[in-house]
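These are the residues of each chain, in order.
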Amino acid sequence: MPQEQITLYTAKVCPYAQRTEIALAEVGAPFKRYEIDLANKPEWYAPKVNPASKVPAIAYGGPDVPPENPSPESTKLAESLILVEFIGDLYPSSNILPADPVLRAKARFFIELVSTKFSPNYMKFASGNPEVTHTTLLAGVDAIQGILPDGAKYAVSDQYTIADIALAPFWARFNVLVQKGIGAYKDEERKSFLKALEDPKYAKFNGYVQRLLARQSFKSTFHEVRPLFWR
Amino acid sequence: MSEQLTLYLHKLSPYSQKVQLALTETNAPYRGYHVDLFNKPKWFTSKVNPVGKVPTLTYGGPSVDPEDPSPLSAKMTESNVILEFLADLYPDSGLLPKDPVLRAKVRFFVDATTKHIDTPFYDFVRGQGSYEDVLKGIEYVQGLLEEGGDFAVGDHYTIADACISPHLARLKTITETDLGKFAVGMGLKLGEELKGPKFTKFTKYAEQILERPSSKQTYDEEIVITYYKSAFVRTQ
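Residue numbers (the numbering used here), protein chains in the order written: chain G, 5 to 235; chain V, 110 to 345.
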């Protein structure tokens, strides 16, 4: 159990940030949560926490200071997937990282697939990019379903891991969009996608994502906030 | 006895080389098999990697001829996933440090290499990317290097070094030969610029990494040059 303080800079709307919040909830780590208004970032954020000016970021260690006044003595870390691995390393007995190296590799491969075939399409679809049609989206679903193990609860095994953490926030937000018809895409695309997903051949995928949404660490960190850019 | 490791690779592939570097630096016993990607054997796509790409690592199962892979071995793809796997298999090798903060720094460097070196550099070489983006990327990664350090992160060879080395080797080749689809002379110009005071830290690090036996053993500059000569014919 680390004694060092953890301060998480995050935003409710951001799926990348939610990954780290889920990981922290899964391992039961005490931490300070600081909400960054992405439309109005504090002046000190980029110079003192994350030069890329994005969330999530973690300030780890150093003196116990208020989040708005980060200390130069803390280590600043960024990039959601790196932070999730970091949290797994801090709490090795939490099991969000499988113990077996082969299963770990499967989890990381799953994450690669999410990063290339699924999460980029979320933003593109929502913002009405014509490149992303219901066919593109279904290809992403097929790719994920293709590597889900048969008869397992989660992405790699019955254990909830970093692979599930990587996907859950993206699927959840995407699901809200298409269910509620929010976003700049064509409505026919949305309807075609939803209709296709009803097919029994997607039973494995549908069961899996339902379990993702039902996970306590997901629910406690998900805020169904309408993202800024869809006013 | 430890499980068998077979690496399906291609001598031109920087991604294959990353894995070879990690295996060589760790002294891990493995079999390397060069796959003719331009003439792919059927057994490769049907028994090893349906997508037909390298690097692919097989782990475990019976010890068989690489051309007769067993269904019992685990098959792993994606170079960065394989690097992490090797770090897990050899936790005392130093490929990843034990300290969580240092591990995060190594991973951040790996991520930065992909975004700021890999993509801009090969885009530039293929004539699709800008010279300025290559320099900006190098400057960014230089900012992550520690002053006077022999390695990218900490005091040991890690997957961060394995990740960037293949690109550094090809960068050296390009700047010395001017081979590429960019405008004539831009490769040489890049080389000159990197020798300047602005890039001292980067150049020193690159020279040190490329001097390592592992770099020399896993990079065949002759075949890379031969390939680049035919692949990057400039259309005037």
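Think of the hints as simulated: they come from the structure by calculation, not from any bench. Since this is a predicted model, take the numbers as computed values, not measurements. One or more of the hints may lead you astray.
Computed from the model, here is a short list of chain V residues facing chain G with C-beta under 10 angstroms [as the list claims (entries may be wrong)]:
#1 Glu187
#2 Asn189
#3 Val190
#4 Glu193
#5 Ala196
#6 Leu198
#7 Val210
#8 Val219
#9 Gly294
#10 Val333
Subject to a maximum C-alpha distance of 25 angstroms in a straight line, what follows is the list of computed DSS-like cross-link-like pairs (lysine-lysine) [to be verified]:
#11 G:Lys121 with V:Lys156
#12 G:Lys52 with V:Lys224
#13 V:Lys184 with G:Lys121
#14 G:Lys80 with V:Lys224
Just so you know, even glycine gets a beta-carbon here, dropped at the ideal spot from N, CA and C.
Hint by hint, here is what the structure shows:
{"no.": "1", "hint": "Glu187", "verdict": "holds (5 angstroms)"}
{"no.": "2", "hint": "Asn189", "verdict": "holds (8 angstroms)"}
{"no.": "3", "hint": "Val190", "verdict": "holds (5 angstroms)"}
{"no.": "4", "hint": "Glu193", "verdict": "holds (6 angstroms)"}
{"no.": "5", "hint": "Ala196", "verdict": "holds (9 angstroms)"}
{"no.": "6", "hint": "Leu198", "verdict": "holds (5 angstroms)"}
{"no.": "7", "hint": "Val210", "verdict": "holds (5 angstroms)"}
{"no.": "8", "hint": "Val219", "verdict": "holds (9 angstroms)"}
{"no.": "9", "hint": "Gly294", "verdict": "violated (34 angstroms)"}
{"no.": "10", "hint": "Val333", "verdict": "violated (26 angstroms)"}
{"no.": "11", "hint": "G:Lys121 with V:Lys156", "verdict": "holds (24 angstroms)"}
{"no.": "12", "hint": "G:Lys52 with V:Lys224", "verdict": "holds (23 angstroms)"}
{"no.": "13", "hint": "V:Lys184 with G:Lys121", "verdict": "holds (20 angstroms)"}
{"no.": "14", "hint": "G:Lys80 with V:Lys224", "verdict": "holds (20 angstroms)"}
The structure does not agree with the numbered hints 9 and 10 stated previously, though it agrees with the rest.
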